[in-house]
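J.: Guided by the hints, dock chain P onto chain W, whose structure is given.
Taken in order, these protein sequences are the chains called W and P.
Residue numbers for the first sequence, in my numbering: 1 to 143.
Residue numbers for the second sequence, in my numbering: 1001 to 1143.
I should point out that these hints are in silico values taken from the structure, not numbers from a laboratory.
Be aware that one or more of the hints could be misleading.
Within a straight-line C-alpha distance of at most 25 angstroms, the following computed DMTMM-like cross-link-like pairs (lysine to aspartate or glutamate) qualify [claimed, not checked]:
(1) K101/W with D58/W
(2) K32/W with D14/W
(3) K1020/P with D53/W
(4) K1101/P with D54/W
(5) K32/W with D1143/P
(6) K101/W with D65/W
(7) K1032/P with D143/W
(8) K1101/P with D65/W
(9) K1032/P with D134/W
(10) K32/W with E1105/P
(11) K20/W with D1143/P
(12) K1101/P with D53/W
(13) K1101/P with E93/W
(14) K101/W with D1065/P
(15) K1057/P with E93/W
(16) K101/W with E1062/P
(17) K1101/P with E105/W
(18) K57/W with E1093/P
(19) K57/W with D1058/P
(20) K32/W with D16/W
(21) K1057/P with D65/W
(22) K32/W with D1134/P
(23) K101/W with D1086/P
(24) K101/W with D1058/P
(25) K1057/P with D134/W
(26) K101/W with D1134/P
(27) K57/W with D1054/P
(28) K1020/P with E1093/P
(29) K1032/P with E105/W
(30) K1057/P with D14/W
(31) K57/W with D1065/P
One-letter residues, chain by chain:
2 protein chains.
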Amino acid sequence: MQQRISLVTLAVADLDRSQKFYERLGWTRSLKAAQGVAFFQCGGMALALWPRDDMAKDAGVEIGDAAPAMQPVSFAQNLASRAEVDAMMAEAERAGAPIVKRAHETFYGGYAGYFADPDGFLWEIAWNPGFAIDEDGSITIPD
Amino acid sequence: MQQRISLVTLAVADLDRSQKFYERLGWTRSLKAAQGVAFFQCGGMALALWPRDDMAKDAGVEIGDAAPAMQPVSFAQNLASRAEVDAMMAEAERAGAPIVKRAHETFYGGYAGYFADPDGFLWEIAWNPGFAIDEDGSITIPD
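So here's chain W without its partners, still in its complex pose (with noise of 0.2 angstroms):
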């Protein structure tokens, strides 16, 4: 299996509510004939929204719920420094994202917040001086 991942796709309550949100960060849906899901380009991947019954009912199986618990996945944006950190974790929290933890520096040497989105999946927003962050946002982790 090629060690690589196309499509992240989360099972949402509420697509427009979730959308939105993802707008309100910024963010651009591309395939804007699409109806019923939406997705955000992410580089050479991209960001799924879908509504929970319909990706059930396409895969066939019952999909769980963590709520109100935060869900068992985690996405981070790695960015180049800690005033970087602290600027996008601003602009979470202007666009309504419930800031699950401050900014603080890690156990690892970085520096670090986490916000949530609406369906309760967590994003770090973390400074890391041992992942190389390339010029079009990519990361290296090292041997």
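T.: Structure of chain P alone, referenced to chain W:
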């Protein structure tokens, strides 16, 4: 906020079990010196596996568990043909992955199947003629 995911971190019940599962699929860890977490480089981003309790403690939250149902997030790997989808699904089955839905013609004119990882995270293996795949595996969602 930049439209970008640096890391996807899965809260797992048993790190060793999950790590071995992805290794059976042919994946290779980065940062092998890291204890208590497994990183897999995926193009310009990475997938991380982290024990649920450690992840919850780091964020300072309770993380819910969707088990025994599937988790509310899925990952897709898009491939270039139906034959590649069939080969990948067979590989997943040989690696011991529960086959959630055998590859089939999809509503959007593609061909896809689902398997699950040890914690119930869904993987969709898909051929979608509407999403272009670059040589490096990047996909592009049309406008």
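J.: Indicate, hint by hint, whether the structure satisfies it.
T.: Hint by hint, here is what the structure shows:
Straight-line distance between C-alpha atoms of K101/W and D58/W comes to about 35 angstroms, which puts the hinted pair past the 25 angstroms bound. Taking the CA atoms of K32/W and D14/W, the gap is about 18 angstroms. The hint holds against a cut of 25 angstroms. Pair hint K1020/P plus D53/W does not hold up; C-alpha atoms about 31 angstroms apart against a cutoff of 25 angstroms. For the proposed pair K1101/P and D54/W, the alpha carbon gap of about 15 angstroms is at most 25 angstroms, so the pair holds.
Taking the CA atoms of K32/W and D1143/P, the gap is near 6 angstroms; set against the 25 angstroms cutoff, the hint holds. Taking the CA atoms of K101/W and D65/W, the gap is about 22 angstroms. The hint holds against a cut of 25 angstroms. With a C-alpha separation of about 6 angstroms, the suggested pair K1032/P and D143/W falls inside the 25 angstroms cut-off, and the hint holds. This hinted pair checks out: K1101/P and D65/W have alpha carbons roughly 21 angstroms apart, not beyond 25 angstroms.
Pair hint K1032/P plus D134/W holds up; C-alpha atoms about 22 angstroms apart against a cutoff of 25 angstroms. In summary, the hint linking K32/W to E1105/P is supported, as the alpha carbons are separated by about 23 angstroms, within the 25 angstroms threshold. For the given pair, K20/W sits about 18 angstroms from D1143/P by alpha-carbon distance, which is consistent with the 25 angstroms threshold. About 16 angstroms separates the Cα atoms of K1101/P and D53/W, which keeps this hinted pair within 25 angstroms; it holds.
With a C-alpha separation of about 40 angstroms, the suggested pairing of K1101/P with E93/W is violated against the 25 angstroms cut-off. About 21 angstroms separates the Cα atoms of K101/W and D1065/P, which keeps this hinted pair within 25 angstroms; it holds. A C-alpha spacing of about 22 angstroms is found between K1057/P and E93/W, which places the hinted pair at or below 25 angstroms, so the restraint holds. At roughly 13 angstroms between alpha-carbon atoms, K101/W and E1062/P fall within 25 angstroms of each other, so this suggested pair holds.
Distance hint between K1101/P and E105/W is unfulfilled; the C-alpha atoms sit about 44 angstroms from each other, more than 25 angstroms. With a C-alpha separation of about 22 angstroms, the suggested pairing of K57/W with E1093/P holds against the 25 angstroms cut-off. Taking the CA atoms of K57/W and D1058/P, the gap is near 34 angstroms; set against the 25 angstroms cutoff, the hint is violated. Taking the CA atoms of K32/W and D16/W, the gap is near 13 angstroms; set against the 25 angstroms cutoff, the hint holds.
Distance hint between K1057/P and D65/W is fulfilled; the C-alpha atoms sit about 20 angstroms from each other, no more than 25 angstroms. For the suggested pair K32/W and D1134/P, the alpha carbons sit about 22 angstroms apart, so the restraint of at most 25 angstroms is met. Between K101/W and D1086/P the alpha-carbon distance is near 43 angstroms, which puts this suggested pair outside the 25 angstroms criterion. Proposed proximity of K101/W and D1058/P is supported: the alpha carbons are some 9 angstroms apart, at most 25 angstroms.
For the suggested pair K1057/P and D134/W, the alpha carbons sit about 30 angstroms apart, so the restraint of at most 25 angstroms is broken. With a C-alpha separation of about 38 angstroms, the suggested pairing of K101/W with D1134/P is violated against the 25 angstroms cut-off. Between K57/W and D1054/P the CA atoms are separated by roughly 32 angstroms; this puts the pair beyond 25 angstroms, and the hint is violated. At roughly 15 angstroms between alpha-carbon atoms, K1020/P and E1093/P fall within 25 angstroms of each other, so this suggested pair holds.
The suggested pairing of K1032/P with E105/W holds, with an alpha-carbon distance near 23 angstroms, which does not exceed 25 angstroms. Of the pairs offered as hints, the one joining K1057/P and D14/W is violated, with about 28 angstroms between alpha carbons and a cut-off of 25 angstroms exceeded. Our distance criterion of 25 angstroms between C-alpha atoms is met by K57/W and D1065/P, whose separation comes to about 20 angstroms.
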